[in-house]
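The listed protein sequences correspond, in order, to chains R and D.
The letter at position 37 of the first sequence is residue 37 when you use my numbering, and the numbering goes up by one with no holes.
The letter at position 149 of the second sequence is residue 149 when you use my numbering, and the numbering goes up by one with no holes.
I should point out that these hints are in silico values taken from the structure, not numbers from a laboratory.
These figures come from a predicted structure and were not determined experimentally.
Note that beta-carbon positions come from the ideal geometry of N, C-alpha and C, so glycine has one too.
Careful, some of the hints might be misleading.
[To be verified] Once the Cα atoms are required to be at most 30 Å apart in a straight line, the calculated DSSO-like pairs of lysine-lysine come out as:
1) R:LYS42 to D:LYS4
2) R:LYS42 to D:LYS74
3) D:LYS229 to R:LYS42
4) D:LYS2 to R:LYS42
5) D:LYS229 to D:LYS4
[Said to hold, decoys possible] Cβ pair distances, simulated, as ranges:
6) R:ASP10 to D:THR110: 54 to 62 Å
7) D:ARG6 to R:GLU53: 33 to 41 Å
8) R:ASP10 to D:THR222: 24 to 32 Å
9) R:ASN39 to D:ARG167: 29 to 37 Å
[What the hints assert, rightly or not] To be clear about the criterion: a stretch of chain D counts as covered by chain R if any three or more of its residues have a C-beta under 8 Å from a C-beta of chain R, and this derived list gives those stretches:
10) 5-16
11) 159-173
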Amino acid sequence: MNLSQLGPADTTSYMIAGFAVIFGVMLLYVLSLVVRTRNLEKDLEVLAELDHE
Amino acid sequence: MKSKPRSLKILDAVTLILLLIATLLVFFFAPLEAVMGLVQKVFYFHVAAGWVGMLSFMVAAFAGVAYLRASHRKWDIVGLAAVEIGMVFAFINIVTGSIWARPIWNTWWTWDPRLTTATIMMLIYAAYFMLRSGIEDPDRRARFGAVYTIIGFLSVPLTFFSARLFRTIHPIVIGTNQPGAEGAFDMTGRMLATFLFGLLTFTFIFADLLWHRIRLGRLADTVEQLKMKTME
Numbered sequence: 001m002n003l004s005q006l007g008p009a010d011t012t013s014y015m016i017a018g019f020a021v022i023f024g025v026m027l028l029y030v031l032s033l034v035v036r037t038r039n040l041e042k043d044l045e046v047l048a049e050l051d052h053e
Numbered sequence: 001m002k003s004k005p006r007s008l009k010i011l012d013a014v015t016l017i018l019l020l021i022a023t024l025l026v027f028f029f030a031p032l033e034a035v036m037g038l039v040q041k042v043f044y045f046h047v048a049a050g051w052v053g054m055l056s057f058m059v060a061a062f063a064g065v066a067y068l069r070a071s072h073r074k075w076d077i078v079g080l081a082a083v084e085i086g087m088v089f090a091f092i093n094i095v096t097g098s099i100w101a102r103p104i105w106n107t108w109w110t111w112d113p114r115l116t117t118a119t120i121m122m123l124i125y126a127a128y129f130m131l132r133s134g135i136e137d138p139d140r141r142a143r144f145g146a147v148y149t150i151i152g153f154l155s156v157p158l159t160f161f162s163a164r165l166f167r168t169i170h171p172i173v174i175g176t177n178q179p180g181a182e183g184a185f186d187m188t189g190r191m192l193a194t195f196l197f198g199l200l201t202f203t204f205i206f207a208d209l210l211w212h213r214i215r216l217g218r219l220a221d222t223v224e225q226l227k228m229k230t231m232e
C-alpha cells in the first residue's frame, strides 16, 4: 500500500477474495451438513431393515 | 430423523435475513475507509468469524465440563458440534485476515503473536478430531474429548489477549492499539453499528449451525448404536 496516496487504496480484488472465502466456506459447511445428514439417514434405513430381519 | 422443528425453521429464516442485512450494511451503510479502501470491509466479518470461533470453543469447554459431571452423551454431541463449527469460523478468520494483510502489511503472513496464537489454537482443536478418531469406545472417546476441550480452551484467552499482552502489529478493536499496530483505524458511528450488527448476525449463525450440527450428531449416535447392536 502506498502511504503517500491521496485517496483510498484500490484493494477491490482483496475484498472480493475475502468475501468469497467467507461465503464460500460457510456454504461448503452447510452443504457438508446436508450431505452428511442424507448419508446417515440412508445408513439408518439400511440398519433398521437389518435389525427388523 | 425427526422433521425440522418449527422453531429451527424460524431460526434459519431469521439468520438468513440477518446475514442479508449485515451484508447490505457492510457494502451500503458503512463508509469507505479512507486509507485501506474496500478491503477494510472484510474486517466486519473477519472479527465476527473470530468471535464465533472463540464462542464455539467456549461452548465446547462448557459441554466438556457438563459431560464430566453428568456423563450424558448429549454433552459429547454438543462439544463435538461446537468444536467443528469453531474450526470452520477460526479458519475463515485466519484466511480473511491473511487476505486483508496482503495489501495492508504487504505480506500474506507474519509470525506475529496474534497470528501465531490463533494458528496454535486451530492446531489444538484440529488434534481434537485426531484424538476422537483414534478411540473406538464411545464413552471413553467422550470422556477424553471432554477433558481435551477444557484444556484446549486455555488457548482461547491466550489468543484473545495476545494482541494486548505482546508486542504486535495486529490492530485491536476493544482497547488501545500497540504503538506498532498497522492497519488500525478509528471507527465512525456507522462503522461501529455495522460491526456490532455483524457480531449479532454471526452469533445467530452460530446458534443456527450448532442446532443443525447437534441434530446431525444425534443421528450419527443413533446410527452408531444401531451398528453396534447389529454387529452383536
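Hints versus structure:
1. R:LYS42 to D:LYS4: At roughly 17 Å apart (the allowed maximum being 30 Å), D:LYS4 and R:LYS42 satisfy the hint.
2. R:LYS42 to D:LYS74: This hinted pair holds, its Cα atoms lying about 22 Å apart.
3. D:LYS229 to R:LYS42: holds, 17 Å
4. D:LYS2 to R:LYS42: Distance ~14 Å between D:LYS2 and R:LYS42 Cα, so the pair holds.
5. D:LYS229 to D:LYS4: holds, 27 Å
6. R:ASP10 to D:THR110: 54 to 62 Å: Since R:ASP10 and D:THR110 have Cβ atoms about 23 Å apart, the given range 54 to 62 Å is violated.
7. D:ARG6 to R:GLU53: 33 to 41 Å: holds, 36 Å
8. R:ASP10 to D:THR222: 24 to 32 Å: violated, 53 Å
9. R:ASN39 to D:ARG167: 29 to 37 Å: Cβ of R:ASN39 to Cβ of D:ARG167: about 48 Å, so the range 29 to 37 Å is violated.
10. 5-16: This one is violated; 0 residues, fewer than the three required, reach chain R with a Cβ under 8 Å.
11. 159-173: violated (count 0)
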